[in-house]
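Order-wise, the sequence lines are chains A and B. Using the working numbering, read the first sequence as starting at 1 and increasing by one per residue. Using the working numbering, read the second sequence as starting at 1 and increasing by one per residue.
Everything labelled a hint here was simulated from the structure, so no lab data went into it. The reader is advised that the hints may include incorrect statements.
[Claimed, not checked] If you anchor each label on the Cβ, the simulated ranges turn out as follows: (1) A:108 - B:112: 32 to 40 Å; (2) B:211 - A:18: 48 to 56 Å; (3) B:30 - A:100: 34 to 42 Å; (4) A:221 - B:15: 25 to 33 Å; (5) B:2 - A:67: 25 to 33 Å; (6) B:9 - A:48: 28 to 36 Å; (7) A:127 - B:40: 32 to 40 Å; (8) A:209 - B:87: 53 to 61 Å; (9) B:204 - A:104: 51 to 59 Å.
[Claimed, not checked] Not close to chain B: a few residues of chain A, all C-beta gaps over 10 Å, as computed: (10) 89; (11) 122; (12) 208.
C-beta atoms are modelled at their ideal positions from N, C-alpha and C, and glycine is treated no differently.
This is what each chain is made of:
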Amino acid sequence: MIRSLPGLAAFAAGLMGLGIFLALIVAPEDADQGISQRVFYIHVPIALTAYFCFGLGAWKALLLLWRGDERYDLESYVAIHQGTIFGALTLITGSIWARASWDVWWTWGSNQLVLFLVLFLFYCAYFMLRFSLEEGPRRARSSAVYALFGVVLIPVSFLAIRLAEDFIHPTVFTREGPQMTGTMFATFCVSWAAVTLLAYVLYRVELAGKRLDADLRELREVLQ
Amino acid sequence: MTYLADVAALTHKDLRIELRARDTLPAMLLFVLSTLVVFHFALPEGTGDAAAYGLLWVAIVFTALLGLSRAWVPEQEHGVLDGLVLAPSDRSAIWLGKTLATLAFLVASQVIALPAFVLFFAPLDLVALAGVLLADIGICAVGSLMAAMAAASRSREVLLPLLVLPLTIPLMVGGVGAAISPEGERYLLLLALYDGVFSVLSWASFEYVVTE
């Protein structure tokens, strides 16, 4: 399994390059927002990938609680780790976009961005929890339960943030420009595929590293 | 029926411990009243009622956190939690008993704190009160599970607010919305949805958190 990783990584890098090329050169300029709209091709795929990673982490957590197989613990943790990294990137790219189109670094008017901030804090607490528990099945299960709370929190928070707009932010920013053209949509799909693949490669690399680490520790204990 | 009897016995145990030792409730009461006084000085003149309602919710959440941080302390001593886990009852009954006891403390502290809020700051209507009650249920349900997780960790008191605060954001939105929005009922629905979803989730997952 590890042997296929360099090939996959090279493919992901190539696809990322293609995505960036399409986003910067080929896709037509947005009539409304101009060049700043191009961050969309990076920002939205990263955000979707972060959701996907959180979902994967929760799915592995569910499998852990269901089947009790220890290996799901590491898989769940690594997926959430990647999700948090991509979540941080979403906040950064979203902030850059907000600066370019609304002239502020942060806006409470963008539901998605606020949701990501809440999720980011939530998943940072996941790491705090994980690293302050003793290693073992109980830690695995507590982390899994917390990861499951995360995926339930996503829709509930989204609903709450939508409702909160009524009293916190009566005017809603609309970032929907004109309908996406075919080229724009194609560019978006390539970027999305590239970022998803990149996340998958990172997930596999980290997982392989963590497993090697655990195996090595076991070996060392046997040898001593 | 034995399930309900177990829950009742566990809640009763917590209430009786509190009646004898008086560890939690007086602290919560004093905390929430001091917080309200601090808020008086934090709110500049003419800030209006809306800001006061927001701060009331901060006070409620932090008071709940104070209560939750003490919630599993009696179980930590003398291996009580191990005994409860080994007892021939459903483990979720332990969670439900703790949630009900914490809820009782929180509501009891609010019986004093909310009139004080009305006296100091702004009136509360029925929808706002319903919002407080629904949010109390949600925060105790989620909080007692998180407190059980935090109690098993090395950094319990520090960890609990970090775990609970992101989860209380929908409750905050619902509670503040119920207090200040003209269509407060919509926010009650959000709170009821939150309570339903997260109570079932906490109820179902408690067993995994306490068993070795």
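How the hints compare with the structure:
1. Taking the beta carbon of each, residue 108 of chain A and residue 112 of chain B are about 34 Å apart, inside 32 to 40 Å as hinted.
2. Range check, residue 211 of chain B to residue 18 of chain A: Cβ separation about 50 Å, and the 48 to 56 Å hint holds.
3. A beta carbon spacing of about 50 Å between residue 30 of chain B and residue 100 of chain A contradicts the range 34 to 42 Å that was offered as a hint.
4. Roughly 48 Å separates the CB atoms of residue 221 of chain A and residue 15 of chain B, a value that falls outside the hinted 25 to 33 Å.
5. For residue 2 of chain B and residue 67 of chain A, the Cβ-Cβ distance of about 30 Å falls inside the hinted range of 25 to 33 Å, so the restraint holds.
6. Take residue 9 of chain B and residue 48 of chain A: their Cβ atoms lie about 49 Å apart, and the range 28 to 36 Å is violated.
7. Hint check: residue 127 of chain A to residue 40 of chain B, Cβ distance near 38 Å, so the stated range 32 to 40 Å holds.
8. Distance hint check: the CB atoms of residue 209 of chain A and residue 87 of chain B are about 43 Å apart, inconsistent with the given range 53 to 61 Å.
9. At roughly 42 Å, the beta carbons of residue 204 of chain B and residue 104 of chain A sit outside the given window of 51 to 59 Å.
10. Look at residue 89 of chain A: its CB is around 19 Å from the nearest CB on chain B, clear of 10 Å, so calling it non-interface holds up.
11. Separation of residue 122 of chain A from chain B is inadequate, the least Cβ-Cβ distance of about 4 Å not exceeding the 10 Å criterion.
12. Taking the minimum C-beta to C-beta distance to chain B, about 28 Å, the non-interface status of residue 208 of chain A holds against the 10 Å cut.
Hints 3, 4, 6, 8, 9, 11, counting from the list given before, are not met by this structure.
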